[in-house]
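Chains as they are written, first to last, in our numbering: chain A, 1 to 415; chain B, 1 to 415.
Hints listed in this document are in silico derivations from the structure and should not be mistaken for laboratory results. Mixed in with the good hints there might be a few duds.
Remember, identical chains collapse to one label, so a pair may be satisfied in a single copy or spanning two.
To be verified - Cut-off 25 Å, straight-line C-alpha distance, at most; resulting in silico cross-link-like pairs (DMTMM-like, lysine to aspartate or glutamate): (1) Lys217 x Glu16; (2) Lys35 x Glu161; (3) Lys217 x Glu230; (4) Lys217 x Glu11; (5) Lys217 x Asp409; (6) Lys262 x Asp408; (7) Lys157 x Glu213; (8) Lys217 x Glu306; (9) Lys200 x Glu227; (10) Lys35 x Glu51; (11) Lys362 x Glu288; (12) Lys217 x Glu266; (13) Lys262 x Glu213; (14) Lys362 x Asp294; (15) Lys262 x Asp119; (16) Lys200 x Asp74; (17) Lys362 x Glu309; (18) Lys217 x Glu241; (19) Lys362 x Glu93; (20) Lys157 x Glu11; (21) Lys262 x Glu387.
Number of protein chains: 2
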Amino acid sequence: MIAAILSTGTELTRGELLNSNATWLAAELTLLDAKVTTILTVGDCEDRIAEAFQQLSLGHDVVVCTGGLGPTTDDLTAASLARAAGVGLETHEPSLLAIKNRLLAVGRSLTATNAKQADLPQGSIALPNTAGTAPGFSFRFNRATVYCLPGVPSEMKAMFEACVEPRLEKAGQVCIQVVIRTFGMPESAVNDALRSVEGKFGVTLGYRVHFPELQVKVLAMRNSTREASELAGAAANAVCEILGSRVVYARGNATLPAVLGKMLRERQLRFGCAESCTGGSVSALLTEEPGISDVFVGSVVAYSNEVKERLLGVPGQLIAEHGAVSAAVALSMAEGARRALGCDWSLAITGIAGPTGETPSKPVGTVHFGVSGPNLSRHHHRVFHGERTRVQRAAAFSGLNWLRCLLDDPTAEPV
Amino acid sequence: MIAAILSTGTELTRGELLNSNATWLAAELTLLDAKVTTILTVGDCEDRIAEAFQQLSLGHDVVVCTGGLGPTTDDLTAASLARAAGVGLETHEPSLLAIKNRLLAVGRSLTATNAKQADLPQGSIALPNTAGTAPGFSFRFNRATVYCLPGVPSEMKAMFEACVEPRLEKAGQVCIQVVIRTFGMPESAVNDALRSVEGKFGVTLGYRVHFPELQVKVLAMRNSTREASELAGAAANAVCEILGSRVVYARGNATLPAVLGKMLRERQLRFGCAESCTGGSVSALLTEEPGISDVFVGSVVAYSNEVKERLLGVPGQLIAEHGAVSAAVALSMAEGARRALGCDWSLAITGIAGPTGETPSKPVGTVHFGVSGPNLSRHHHRVFHGERTRVQRAAAFSGLNWLRCLLDDPTAEPV
Numbered sequence: 001m002i003a004a005i006l007s008t009g010t011e012l013t014r015g016e017l018l019n020s021n022a023t024w025l026a027a028e029l030t031l032l033d034a035k036v037t038t039i040l041t042v043g044d045c046e047d048r049i050a051e052a053f054q055q056l057s058l059g060h061d062v063v064v065c066t067g068g069l070g071p072t073t074d075d076l077t078a079a080s081l082a083r084a085a086g087v088g089l090e091t092h093e094p095s096l097l098a099i100k101n102r103l104l105a106v107g108r109s110l111t112a113t114n115a116k117q118a119d120l121p122q123g124s125i126a127l128p129n130t131a132g133t134a135p136g137f138s139f140r141f142n143r144a145t146v147y148c149l150p151g152v153p154s155e156m157k158a159m160f161e162a163c164v165e166p167r168l169e170k171a172g173q174v175c176i177q178v179v180i181r182t183f184g185m186p187e188s189a190v191n192d193a194l195r196s197v198e199g200k201f202g203v204t205l206g207y208r209v210h211f212p213e214l215q216v217k218v219l220a221m222r223n224s225t226r227e228a229s230e231l232a233g234a235a236a237n238a239v240c241e242i243l244g245s246r247v248v249y250a251r252g253n254a255t256l257p258a259v260l261g262k263m264l265r266e267r268q269l270r271f272g273c274a275e276s277c278t279g280g281s282v283s284a285l286l287t288e289e290p291g292i293s294d295v296f297v298g299s300v301v302a303y304s305n306e307v308k309e310r311l312l313g314v315p316g317q318l319i320a321e322h323g324a325v326s327a328a329v330a331l332s333m334a335e336g337a338r339r340a341l342g343c344d345w346s347l348a349i350t351g352i353a354g355p356t357g358e359t360p361s362k363p364v365g366t367v368h369f370g371v372s373g374p375n376l377s378r379h380h381h382r383v384f385h386g387e388r389t390r391v392q393r394a395a396a397f398s399g400l401n402w403l404r405c406l407l408d409d410p411t412a413e414p415v
Numbered sequence: 001m002i003a004a005i006l007s008t009g010t011e012l013t014r015g016e017l018l019n020s021n022a023t024w025l026a027a028e029l030t031l032l033d034a035k036v037t038t039i040l041t042v043g044d045c046e047d048r049i050a051e052a053f054q055q056l057s058l059g060h061d062v063v064v065c066t067g068g069l070g071p072t073t074d075d076l077t078a079a080s081l082a083r084a085a086g087v088g089l090e091t092h093e094p095s096l097l098a099i100k101n102r103l104l105a106v107g108r109s110l111t112a113t114n115a116k117q118a119d120l121p122q123g124s125i126a127l128p129n130t131a132g133t134a135p136g137f138s139f140r141f142n143r144a145t146v147y148c149l150p151g152v153p154s155e156m157k158a159m160f161e162a163c164v165e166p167r168l169e170k171a172g173q174v175c176i177q178v179v180i181r182t183f184g185m186p187e188s189a190v191n192d193a194l195r196s197v198e199g200k201f202g203v204t205l206g207y208r209v210h211f212p213e214l215q216v217k218v219l220a221m222r223n224s225t226r227e228a229s230e231l232a233g234a235a236a237n238a239v240c241e242i243l244g245s246r247v248v249y250a251r252g253n254a255t256l257p258a259v260l261g262k263m264l265r266e267r268q269l270r271f272g273c274a275e276s277c278t279g280g281s282v283s284a285l286l287t288e289e290p291g292i293s294d295v296f297v298g299s300v301v302a303y304s305n306e307v308k309e310r311l312l313g314v315p316g317q318l319i320a321e322h323g324a325v326s327a328a329v330a331l332s333m334a335e336g337a338r339r340a341l342g343c344d345w346s347l348a349i350t351g352i353a354g355p356t357g358e359t360p361s362k363p364v365g366t367v368h369f370g371v372s373g374p375n376l377s378r379h380h381h382r383v384f385h386g387e388r389t390r391v392q393r394a395a396a397f398s399g400l401n402w403l404r405c406l407l408d409d410p411t412a413e414p415v
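This is chain A alone, in the form it adopts within the complex:
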């Protein structure tokens, strides 16, 4: 199967936005055994988009297009494809109704601008958009099946997985993919460690960085679902064995907060945080997870030293003696959080996120972690690299992953 990707958008040709959609699609299509020969990006110009559809549809079996499905005047995908193919546009009534209902639900009414999103090239098959208003569509043109998806990454990915992927699976071959979620080991080290797996099992491994996580994808293709599943499972077991449980936190779709939530729930423990340099991002990560409220009680974001003293009871003298970024203060914050929040376990994080604030002995990126639990009080520190938000995000994941390890083994060292 020969595939091409067409990205539309003047924000791309003007260099205002990284084309991460094309990279994501290229990786997905490659995993589905398609050969992506071409990624073409053109601006919001009907002539050029029409010409691109014409060209790409001649030499490819599949063309996946992103962007240009929105309501504004620079959204031209449907009109361009219709023109290239010499057909008209027609309103897809179910999509129009869906757009209308979506607008009604937010107290707005349908305008001509919004209605335009339901106008599809004649002969299209509409693809529902579960996460936004614009429907996508597929359209047979020359040699190719053309799939037009929204440009918003979350909508595009959801639509690709729900509507395109099932249509692309190779005839007679079943493709099973197992995702293994890891944290704390650099991509090149993971790559080196897993070097033998592809050859040994006859599977394909893919790597995707979701900073600071790394996902390893094990892809097995066989003649039956059973064979492909067994093979993918065996290879995934080998991957987990090689990387170890401190690095691998989940198989499948579970996030780190979800895994932690499940562990706390099973143990009937209540958890809270004290955050300084991460500024609420540990709590924000946890509360992205639906249903976390039965184990997560809350946090004290003690950004100023005064709040560390007032709400967490950290002695002012301790801060004066050791500095706010220190083992002693991290432990005192963790213990203070347990008391103040009335929970069983707590995680405290205090550090220097940068770009300023470093001292000769404490470079930017220095982060101290404290964990307090029944009969447990642990500390460690690390130096993270990169800019402020990367330090914050890496520190938040690092703290939560260590907590995950400690719940299983109170002597666990951080990865």
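With the hints as your guide, set chain B onto chain A.
Frame of chain A; chain B shown alone:
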């Protein structure tokens, strides 16, 4: 000047690497007043690269190609371009010598593999590589001047700046862009409201959604910097006027937390939060901003009702009577946060982020906001739509944006 970018590399068409080179080049070329119509990525395949050169050189004045100049068998740029143009390859002796010397300096000797890097299409002009071994080159082909640069970003950028930029003629037009940052008005409504601006001023408007924000870009092209700046400024003023100050929170690069930080700093106010359904994401947003610690003291993430009582002093009876998601509790949380954190102003957010937890009178997405300040106590509520993390993010921005308006005008209604 019409330009195209050609990126070569199977690591790009397999989705293993984000094409940040193309984005960087597109932004640079746009700044130089070139119109980038096309960004084309093809794998390491001589046929496809040759075809790409043939096609792009017909319709563009400038083609910038990256990648494929290295020593390995999949480095095919010079051979592909020579084939497309019907010329041979010839060794560029000064480049060969430079490669030899560079290898000698690191204790290696010249091999045939390395020597290949000095073979350029006949008629090329070599471009020196100050940061690596492979020289780049420029080559006249059809309508275009083709510039072939290395794929390693640092080498590519250095060569573009040193060798390509000075050769690109300015078309005598200067392009000035003003970014206007907005929150709270849907994209289609903004589009409708600004419909007359392009025609009236002779500028181009662009829109970019960074959920839940929307950026409006005003682009003006004129013969001089002064004319273009004045035009862009006048059109930007009109945009700000039309949308109003509750919707427009900044011009240029400032984030909403940065704008708020600046306002609090100027007023010498200290600020803190009480978060329930946003779970720390307001605090996380604020603390992404370097230097916010001089105005932001911290937050109480009161996810459980018990923490609302313990740390914020919300009366249990108030929660029992009105429910945790209510005007009374939002106001009590805001006042409690000011007391507990010892700050001048506070924002409290309590709501139902979903997907569960709704009641007949409180659908998923219902969020109550409380703001407490010296002689000020305000409340409002809204229903947000979409999935959990979108509700949380929209609520966080909405709260911060309202606070921004209230600092200027204590009677301001939320947008």
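So, going through the hints one by one against the coordinates:
In this homomeric assembly, Lys217 and Glu16 come within 25 Å of each other (Cα to Cα) only across copies, at 11 Å, whereas the closest approach inside a single copy is 30 Å. For the homomeric pair Lys35 and Glu161, the shortest alpha-carbon distance inside one copy (18 Å) is at most 25 Å, but the shortest distance between copies (34 Å) is not. For the homomeric pair Lys217 and Glu230, the shortest alpha-carbon distance inside one copy (15 Å) is at most 25 Å, but the shortest distance between copies (52 Å) is not. Proximity of Lys217 to Glu11 under the C-alpha cut-off of 25 Å is restricted to the inter-copy arrangement: shortest distance 10 Å between copies versus 31 Å within a copy.
For the identical chains of this complex, Lys217 and Asp409 are neighbours neither inside a copy (27 Å) nor across copies (53 Å), given an alpha-carbon limit of 25 Å. With identical chains, the CA atoms of Lys262 and Asp408 are at most 25 Å apart within one copy only, with a shortest distance of 13 Å there and 45 Å across copies. Taking the closest pair of Cα atoms, Lys157 and Glu213 come within 25 Å of each other both inside a single copy (19 Å) and across two copies (21 Å). With identical chains, the CA atoms of Lys217 and Glu306 are never at most 25 Å apart, being 46 Å at best within one copy and 42 Å at best between copies.
In this homomeric assembly, Lys200 and Glu227 come within 25 Å of each other (Cα to Cα) only inside a single copy, at 16 Å, whereas the closest approach across copies is 65 Å. In this assembly of identical chains, the alpha carbons of Lys35 and Glu51 lie at most 25 Å apart whether taken from the same copy (22 Å) or from different copies (18 Å). Taking identical chains as interchangeable, the C-alpha atoms of Lys362 and Glu288 lie at most 25 Å apart only when they sit on different chains, with a minimum of 20 Å there against 32 Å within one chain. In this assembly of identical chains, the alpha carbons of Lys217 and Glu266 never lie at most 25 Å apart, being 28 Å within a copy and 51 Å across copies at closest.
Taking the closest pair of Cα atoms, Lys262 and Glu213 come within 25 Å of each other only inside a single copy of the chain (19 Å); across copies the shortest separation is 34 Å, beyond that limit. Taking CA atoms no more than 25 Å apart as the test, Lys362 paired with Asp294 passes between copies only; the shortest distance there is 20 Å, against 37 Å inside one copy. In this assembly of identical chains, Lys262 and Asp119 lie within 25 Å of each other by CA distance neither inside one copy nor across copies; the values are 45 Å within and 45 Å between. With identical chains, the CA atoms of Lys200 and Asp74 are at most 25 Å apart between copies only, with a shortest distance of 18 Å across copies and 50 Å within one.
For the identical chains of this complex, Lys362 and Glu309 are intra-copy neighbours only, at 22 Å inside a copy versus 37 Å across copies, given an alpha-carbon limit of 25 Å. With identical chains, the CA atoms of Lys217 and Glu241 are at most 25 Å apart within one copy only, with a shortest distance of 15 Å there and 51 Å across copies. In this homomeric assembly, Lys362 and Glu93 never come within 25 Å of each other (Cα to Cα): the closest approach is 63 Å inside a single copy and 32 Å across copies. When the C-alpha separation of Lys157 and Glu11 is checked against a cutoff of 25 Å, the pair qualifies both within a copy, at 19 Å, and between copies, at 21 Å.
Taking the shortest Cα distances, Lys262 and Glu387 sit within 25 Å of each other only across copies (21 Å), while inside one copy they are farther apart (32 Å).
Checked against the numbered hints above, the structure breaks hints 5, 8, 12, 15 and 19 and satisfies the rest.
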